[in-house]
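Starting from the structure of chain P, add chain W where the hints point.
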Amino acid sequence: MNTLAQQQSPLGDTSPVVNISVFAGLILLTLLIAYRASSSGNTSDYFAAGGTFSGAQNGVALSGDFLSAASFLGIAGAIAVHGYDGFLYSIGFLVAWLVNLLLVAERLRNTGRFTMGDVLSFRMRRRPVRAAAAVSTLFVTIAYMVAQMAGAGDLVALLLDIRSGTGQALVIAVVGVVMVFYVLIGGMKGTTWVQMLKAVMLLLSVSLITLFLLGKFGFNFSDLMHRAAENNPLGEGMFAPGAQYGENALTKLDFVSLSMALVLGVAGLPHVLMRFYTVPNSREARRSVVWATWLMSLFYLCTLVIGFGAAALVGTETINNAPGGENSAAPLLAYEIGGTVLLGVISAVAFATILAVVAGLTLTASASFAHDFYANVMRGGKADPTSEVRVARITAMVIGFAAILGGILVNGQNIAFLVGLAFAIAASANLSTLVFTLFWKRFNTSGTLWAMYGGLGSCLLLMLFSPVFSGSADSIFPSVDFSFFPLSNPGLVSIPMSFLFGVIGTFVRPRSADPEDFDAMKVRSLTGIGARDVVY
Amino acid sequence: MSNTTPPPLRARYGERSEKTHASFGGIEKSAALGAKTGPDFAGIAGSAEFDELRARLKRFVLPMTVLFLALYLGYVLLAAYAPEFMAEPVLGNINVGLLFGVGQFVSTLLITTLYVKFAERRVDPEVDKLRETAGGGQR
Numbered sequence: 001m002n003t004l005a006q007q008q009s010p011l012g013d014t015s016p017v018v019n020i021s022v023f024a025g026l027i028l029l030t031l032l033i034a035y036r037a038s039s040s041g042n043t044s045d046y047f048a049a050g051g052t053f054s055g056a057q058n059g060v061a062l063s064g065d066f067l068s069a070a071s072f073l074g075i076a077g078a079i080a081v082h083g084y085d086g087f088l089y090s091i092g093f094l095v096a097w098l099v100n101l102l103l104v105a106e107r108l109r110n111t112g113r114f115t116m117g118d119v120l121s122f123r124m125r126r127r128p129v130r131a132a133a134a135v136s137t138l139f140v141t142i143a144y145m146v147a148q149m150a151g152a153g154d155l156v157a158l159l160l161d162i163r164s165g166t167g168q169a170l171v172i173a174v175v176g177v178v179m180v181f182y183v184l185i186g187g188m189k190g191t192t193w194v195q196m197l198k199a200v201m202l203l204l205s206v207s208l209i210t211l212f213l214l215g216k217f218g219f220n221f222s223d224l225m226h227r228a229a230e231n232n233p234l235g236e237g238m239f240a241p242g243a244q245y246g247e248n249a250l251t252k253l254d255f256v257s258l259s260m261a262l263v264l265g266v267a268g269l270p271h272v273l274m275r276f277y278t279v280p281n282s283r284e285a286r287r288s289v290v291w292a293t294w295l296m297s298l299f300y301l302c303t304l305v306i307g308f309g310a311a312a313l314v315g316t317e318t319i320n321n322a323p324g325g326e327n328s329a330a331p332l333l334a335y336e337i338g339g340t341v342l343l344g345v346i347s348a349v350a351f352a353t354i355l356a357v358v359a360g361l362t363l364t365a366s367a368s369f370a371h372d373f374y375a376n377v378m379r380g381g382k383a384d385p386t387s388e389v390r391v392a393r394i395t396a397m398v399i400g401f402a403a404i405l406g407g408i409l410v411n412g413q414n415i416a417f418l419v420g421l422a423f424a425i426a427a428s429a430n431l432s433t434l435v436f437t438l439f440w441k442r443f444n445t446s447g448t449l450w451a452m453y454g455g456l457g458s459c460l461l462l463m464l465f466s467p468v469f470s471g472s473a474d475s476i477f478p479s480v481d482f483s484f485f486p487l488s489n490p491g492l493v494s495i496p497m498s499f500l501f502g503v504i505g506t507f508v509r510p511r512s513a514d515p516e517d518f519d520a521m522k523v524r525s526l527t528g529i530g531a532r533d534v535v536y
Numbered sequence: 001m002s003n004t005t006p007p008p009l010r011a012r013y014g015e016r017s018e019k020t021h022a023s024f025g026g027i028e029k030s031a032a033l034g035a036k037t038g039p040d041f042a043g044i045a046g047s048a049e050f051d052e053l054r055a056r057l058k059r060f061v062l063p064m065t066v067l068f069l070a071l072y073l074g075y076v077l078l079a080a081y082a083p084e085f086m087a088e089p090v091l092g093n094i095n096v097g098l099l100f101g102v103g104q105f106v107s108t109l110l111i112t113t114l115y116v117k118f119a120e121r122r123v124d125p126e127v128d129k130l131r132e133t134a135g136g137g138q139r
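The listed protein sequences derive, respectively, from chains P and W.
Numbered per my numbering, the first sequence spans residues 1 to 536.
Numbered per my numbering, the second sequence spans residues 1 to 139.
Any given hint might turn out to be false.
Below, a sample of chain W positions facing chain P; criterion: calculated Cβ distance under 7 Å [to be verified]: (1) 39; (2) 94; (3) 104; (4) 108.
DSS-like mimics (lysine-lysine), calculated; alpha carbons at most 27 Å apart, straight line [unchecked claim]: (5) 129/W x 58/W; (6) 58/W x 441/P; (7) 117/W x 58/W; (8) 441/P x 129/W; (9) 117/W x 129/W.
Now the in silico label distances, taken between C-beta atoms and shown as ranges [what the hints assert, rightly or not]: (10) 442/P x 65/W: 18 to 28 Å; (11) 56/P x 77/W: 33 to 43 Å; (12) 442/P x 48/W: 15 to 25 Å; (13) 480/P x 89/W: 43 to 53 Å; (14) 480/P x 109/W: 39 to 49 Å; (15) 54/P x 125/W: 18 to 28 Å; (16) 125/W x 485/P: 47 to 57 Å; (17) 412/P x 109/W: 28 to 38 Å; (18) 379/P x 125/W: 37 to 47 Å; (19) 393/P x 117/W: 37 to 47 Å; (20) 116/W x 476/P: 36 to 46 Å; (21) 25/P x 122/W: 46 to 56 Å.
Don't read these hints as lab results, they were simulated from the structure.
Every residue gets a Cβ at the ideal spot worked out from N, C-alpha and C, and that includes glycine.
Just chain P, with the same shape it has in the complex:
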């Protein structure tokens, strides 16, 4: 091992070989268990409508789907570096579930059957609406996956102690290809099981680390915070909001924008919505949201302790200088308290998290594209299964490579921030349409298309012309400046715009959608009468 690397490495003089062996061993074990669990007994097909999962199981899987690398690595890092401002991600991610519980989950389960497009096209002209649903699903998925890929790259770069930009790009590419390969080869069967297994592992490890940290400081959180402030250049400034977003009026507005995207985005995430179809009926869908909410509350409270704990024990400077930057706070903390073994364990859990989320996302997007777009729009519902499967596979590959490319471009950014962008896209493209179609009788096909394309388009355009893409030091293209939109998260503008587009689009056409269909939807969404595969 060369001495220079040894000096720089935040992991002391541990050989990367040990890190990687513990890490790889655990990943393989997880996949093996998931594979065994899924191949014995009933077929646990992810998309089997009227699925066989109970509310509790699905709740665990839901939290597994939702607690991505962003929640774990991203938030812990954001808190360790920026203090209180990082905690706001946790709160937004959690409160958002009330939208699902109160407005979406049960109605969606009762009305649709397979994809988000089922519900959106229920009382509209099927083909254009399904096409729009597939397009927005693709964009949300890719944006979400970019963050996951970047997280996976950071993690492996930390374990291998790779610092050069090219080296990290290579790591992201290799890790990404492995993930796409896994999805293509037959990870389908085990995805839900990986999801549950990983959720349990993640919750167990964060709870244990939290207990350990609190115990170390005599169960006095205030003392832990004190030590964190000593090791953070912000000092006690990290206890209050404003460290990251408090600079001026614009950054404050950006913060409000991000918060809106977080709370309104969850109900528009296709891979989360899809989970409501894996339970037998709307009551189980409700139960699964409740389970997920409790589990996530526990998790996000732990991230608060872990974030401050990482600042206290590892120190903000070390975190910022590590390969992977902010995103490496949690693994570094694990190394600090449990050495190589715990580092391997935590990294493996984080990696399994990313793998499971990527698999779920790829599955959702490719299924939606093949089913909604290819089979129903291009082939008018007459596609043969073989070609549909082929289209799904090709879609999975295209999405995978787009995400890898994106992951390389955004390398170094906090992944919770990146996921915030995916949430903004989801909220802008899907939420308004979903709410209107469920609750507004006059809403019609034209309104649906305006809301989806208008919301999606304005969100993507604003992002393109924001500091995320150009004009500042940590932009994707730092050397050029074509930015004129000052907020790094467009949610505050693009979400209201999508609602506005929906209203305008609706009144452009004189007629509302078929009122009989609205009656059907009203009855069905509330009671499940007439819904296929609803089992009580």
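Just chain W now, kept in the frame of chain P:
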């Protein structure tokens, strides 16, 4: 009571897709929706029971949605525009902002619990009755 007699539901509840062909993520072509056939939706939608159920649900869901969004927005605005207030220490290093943040957890879990209680007591039994009237779905 609904003034139209609902037609009997077809045996569509027993209809489960058999998947024997190759599938990727469970994609199959039988997922088309059949909204035009089936139960008498207009009849149910026009019935007094259904109206009452919808109104009852709305009376709970609407205020709760407004409440949690207002709480969240209020919290976000305080964090953005009143950081000094949020930094006010309460107990050691634990300040107002931290307590409010944890308060969002508490209010989320509280609203979740309230909704579940409400739905199980006031909504589910009514839905069961409606389903029975519609003549199907109870397996």
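Are residue 58/W and residue 441/P close enough, with their CA atoms no more than 27 Å apart?
The hint holds at about 15 Å.
Should the hint that residue 25/P and residue 122/W are 46 to 56 Å apart at their CB atoms be regarded as holding?
This hint holds: roughly 52 Å between Cβ atoms.
Interface hint compliance - residue 39/W to chain P, C-beta minimum distance less than 7 Å:
Given a least distance of 5 Å, the restraint on residue 39/W holds.
Confirm or reject the claim that residue 56/P and residue 77/W have a C-beta distance inside 33 to 43 Å.
This hint holds: roughly 36 Å between Cβ atoms.
Within a Cα-Cα threshold of 27 Å, do residue 117/W and residue 58/W meet the stated pairing?
Roughly 15 Å separates the two Cα atoms, so the pair holds.
Confirm or reject the claim that residue 54/P and residue 125/W have a C-beta distance inside 18 to 28 Å.
Cβ of residue 54/P to Cβ of residue 125/W: about 22 Å, so the range 18 to 28 Å holds.
If I claimed the Cβ atoms of residue 125/W and residue 485/P lie 47 to 57 Å apart, would that claim hold in this structure?
51 Å, holds
Interface hint outcome for residue 104/W [beta carbon to chain P under 7 Å]
Holds, about 5 Å.
Starting from the range 18 to 28 Å, see whether the pair residue 442/P and residue 65/W falls in it by beta-carbon distance.
Since residue 442/P and residue 65/W have Cβ atoms about 21 Å apart, the given range 18 to 28 Å holds.
Per the hint of 37 to 47 Å, is the separation of the Cβ atoms of residue 393/P and residue 117/W within bounds?
For residue 393/P and residue 117/W the Cβ distance comes to about 46 Å; the hint holds.
Between residue 442/P and residue 48/W, does the C-beta distance stay in 15 to 25 Å?
Holds: the Cβ-Cβ distance is about 24 Å, inside 15 to 25 Å.
Hint says 37 to 47 Å; check whether the CB-CB distance for residue 379/P and residue 125/W agrees.
Since the Cβ atoms of residue 379/P and residue 125/W sit about 44 Å apart, the hinted range of 37 to 47 Å holds.
Hint compliance for this structure: every hint is met.
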